[in-house]
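S.K.: Residue numbers (the working numbering), protein chains in the order written: chain G, 1 to 113; chain L, 1001 to 1114.
Take these hints with a grain of salt, some might be off.
[Unchecked claim] Listing some non-contacts, in silico: residues in chain G with all C-beta distances to chain L over 10 angstroms:
{"id": "1", "residue": "R1"}
{"id": "2", "residue": "N22"}
{"id": "3", "residue": "N27"}
{"id": "4", "residue": "E56"}
{"id": "5", "residue": "D57"}
{"id": "6", "residue": "S72"}
{"id": "7", "residue": "R76"}
{"id": "8", "residue": "S83"}
{"id": "9", "residue": "G104"}
[To be verified] List time: in silico DSS-like cross-link candidates among lysine-lysine, alpha-carbon distance up to 27 angstroms:
{"id": "10", "chain 1": "G", "residue 1": "K42", "chain 2": "L", "residue 2": "K1057"}
{"id": "11", "chain 1": "G", "residue 1": "K45", "chain 2": "G", "residue 2": "K112"}
{"id": "12", "chain 1": "G", "residue 1": "K112", "chain 2": "G", "residue 2": "K42"}
{"id": "13", "chain 1": "G", "residue 1": "K112", "chain 2": "G", "residue 2": "K79"}
{"id": "14", "chain 1": "G", "residue 1": "K42", "chain 2": "G", "residue 2": "K79"}
{"id": "15", "chain 1": "L", "residue 1": "K1057", "chain 2": "G", "residue 2": "K2"}
{"id": "16", "chain 1": "G", "residue 1": "K42", "chain 2": "G", "residue 2": "K2"}
{"id": "17", "chain 1": "G", "residue 1": "K45", "chain 2": "L", "residue 2": "K1057"}
{"id": "18", "chain 1": "L", "residue 1": "K1057", "chain 2": "L", "residue 2": "K1015"}
{"id": "19", "chain 1": "L", "residue 1": "K1011", "chain 2": "L", "residue 2": "K1057"}
{"id": "20", "chain 1": "G", "residue 1": "K2", "chain 2": "G", "residue 2": "K45"}
{"id": "21", "chain 1": "L", "residue 1": "K1011", "chain 2": "G", "residue 2": "K45"}
{"id": "22", "chain 1": "L", "residue 1": "K1057", "chain 2": "L", "residue 2": "K1017"}
{"id": "23", "chain 1": "G", "residue 1": "K45", "chain 2": "G", "residue 2": "K79"}
{"id": "24", "chain 1": "L", "residue 1": "K1015", "chain 2": "G", "residue 2": "K45"}
Derived from the structure by calculation, the hints contain no laboratory data. For each residue, glycine too, the CB sits at the ideal point set by N, CA and C.
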Amino acid sequence: RKEVEQDPGPFNVPEGATVAFNCTYSNSASQSFFWYRQDCRKEPKLLMSVYSSGNEDGRFTAQLNRASQYISLLIRDSKLSDSATYLCVVNRPSGAAGNKLTFGGGTRVLVKP
Amino acid sequence: GAGVSQSPSNKVTEKGKDVELRCDPISGHTALYWYRQSLGQGLEFLIYFQGNSAPDKSGLPSDRFSAERTGGSVSTLTIQRTQQEDSAVYLCASSSRTGPGELFFGEGSRLTVL
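Using the sequences and the hints given, assemble the complete structure.
M.R.: This is the structure we're talking about:
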């Protein structure tokens, strides 16, 4: 089983609609969680951190469920520019080196007019 | 520039040759990561450097892969005796915090092994 798993999609979303997707992680020692966005043939960039109580950043809402070991991302009022691959990132302590950030395979979102 | 710099941006090599990929992190960033991304796939962790600590090499796929980080700054990823399955984009990222923080990625080095 992969350490971090995501539905690869694509999620085809009408412009203006809401889309949500999850990411599951296998290691209960995981401590920090993030969503990154990657545009086609570009490098990933941080979208938002995920806090225990859930958090919002504009049209984006992230949730963490430690009991079931998953995080979620919801996008409201989807824009064409939201089309991208969304990568779930999980951090856990990693021996002397400190931390290990593991990426999921990504969920592709396509927003259409 | 102020961002993470990687070179070369593109490298085409023949099977069996050695390649070196370079990463120049953001000045002052103590953490440096190497990942690789095959076409249409997610990011595969390779190696992580944090300050002067021993690196986490747990993601290196074989002993043909090695990496070093000199003076806590520039890092070089070396692939010996390249194979076709090594073809991928190799991404370097740096972070300013000991704990998990925002990763700043370079644009990657696209390696093609013929």
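S.K.: Since D57(G) was said not to touch the interface, does its Cβ keep a gap of more than 10 angstroms from each Cβ of chain L?
M.R.: holds, 14 angstroms
S.K.: Are all C-beta atoms of chain L more than 10 angstroms from that of N22(G)?
M.R.: With a cut-off of 10 angstroms, N22(G) remains clear of chain L, as the shortest Cβ separation is near 15 angstroms.
S.K.: Is it true that the CA of K1057(L) sits at most 27 angstroms from the CA of K2(G)?
M.R.: holds, 18 angstroms
S.K.: Was R76(G) rightly flagged as not at the interface, with every chain L Cβ beyond 10 angstroms?
M.R.: holds, 24 angstroms
S.K.: Beyond 10 angstroms from every Cβ of chain L: is that where the Cβ of S83(G) lies?
M.R.: The claim holds: S83(G) sits with its nearest Cβ about 16 angstroms from chain L, beyond 10 angstroms.
S.K.: Need the status of pair K1011(L), K45(G): alpha-carbon distance at most 27 angstroms?
M.R.: holds, 24 angstroms
S.K.: Checking one constraint from the list: CA of K1057(L) to CA of K1015(L), max 27 angstroms. Satisfied?
M.R.: holds, 24 angstroms
S.K.: Is it the case that G104(G) keeps its Cβ farther than 10 angstroms from each residue Cβ in chain L?
M.R.: violated, 6 angstroms
S.K.: Is the hinted pair K2(G) and K45(G) satisfied, with a Cα-Cα distance of at most 27 angstroms?
M.R.: holds, 22 angstroms
S.K.: Sort out whether K1017(L) lies within 27 angstroms of K1057(L), counting only the CA atoms.
M.R.: The given pair, whose Cα atoms are some 22 angstroms apart, holds under the 27 angstroms limit.
S.K.: Minimum Cβ separation between E56(G) and chain L greater than 10 angstroms?
M.R.: At roughly 18 angstroms from the nearest Cβ of chain L, E56(G) sits farther out than 10 angstroms, so the non-interface label holds.
S.K.: Is the claim that R1(G) lies outside the interface with chain L correct, judged by CB distances over 10 angstroms?
M.R.: Holds: least Cβ distance 15 angstroms, greater than 10 angstroms.
Checked against the numbered hints above, the structure violates hints 9 and 24; every other hint is satisfied.
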